[in-house]
Amino acid sequence: DAKTTQPNSMESNEEEPVHLPCNHSTISGTDYIHWYRQLPSQGPEYVIHGLTSNVNNRMASLAIAEDRKSSTLILHRATLRDAAVYYCILREADYKLSFGAGTTVTVRA
Amino acid sequence: EAGVAQSPRYKIIEKRQSVAFWCNPISGHATLYWYQQILGQGPKLLIQFQNNGVVDDSQLPKDRFSAERLKGVDSTLKIQPAKLEDSAVYLCASSPLGADTDTQYFGPGTRLTVL
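Each protein sequence line maps, in turn, to chains A and B.
Just so we're aligned, residue 1 is where the first sequence starts under this note's numbering, counting upward by one.
Just so we're aligned, residue 110 is where the second sequence starts under this note's numbering, counting upward by one.
Honestly, the hints are just simulated from the structure, not real lab data.
This structure is a prediction, so every number in the text was calculated from the model and none was measured.
Backbone N, C-alpha and C define an ideal beta-carbon position, used for all residues, glycine too.
Hints are supplied without guarantee of correctness; some may be wrong.
[To be verified] Okay, derived cross-link-like pairs now, EDC-like style, lysine to aspartate or glutamate, Cα gap no bigger than 16 Å in a straight line:
1) 96(A) - 166(B)
2) 96(A) - 194(B)
3) 153(B) - 194(B)
4) 96(A) - 165(B)
[Stated by the list, open to error] Label-pair restraints from in silico Cβ distances:
5) 74(A) - 165(B): 31 to 41 Å
6) 93(A) - 136(B): 24 to 34 Å
7) 136(B) - 67(A): 33 to 43 Å
8) 56(A) - 175(B): 39 to 49 Å
9) 139(B) - 45(A): 38 to 48 Å
10) 66(A) - 117(B): 28 to 38 Å
Next comes chain A alone, as it looks inside the complex (with noise of 0.2 Å):
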């Protein structure tokens, strides 16, 4: 499986912008980067995935470093309910999603 490496905890105050290192310097060429979160009590849920350029969608941005060795998952403004564990996933080429620890996030009001 695909490896990545990411920060046990983050924290951040409401309204600031969050930026969420993941580092996966064994990395192929047809890996994609994957993003989830999972909020206290439910199941985890996509945040955004890209393959070699930056991606913005509604909920966050995601940078991708040229070398794709790391990427960078960006919460422009965080609200309390952005509070969750985020993970950074290699998706490999069967689809599988191999989970790590993940960052906690905590938002301060």
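Given chain A, work out where chain B should sit, using these hints.
Frame of chain A; chain B shown alone:
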């Protein structure tokens, strides 16, 4: 659009008893997954179905766990007999078929406590 449905939401059993979980995926989704999530860890894939066939069950403890997906729609996951270490949240997810539409949609999970 209705999401992935799972039942029951909570289950408490004694060790060596049997238990079954049910999942109804999003309508039209060909692929269905069962994950096990132990407290403090990320979900771990147990089994993946495509329609009613098994794609991957390499992480399923087959001596006690079994799963089926009748008619390529609903699925059940069974544990018989349960052990203390099976205490976890069991998550079901589904996704459409196709390389560009492989987002997985998760249900709320079933929290199993084995005493």
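Which of the listed hints are not met by the structure?
-> 2, 9, 10
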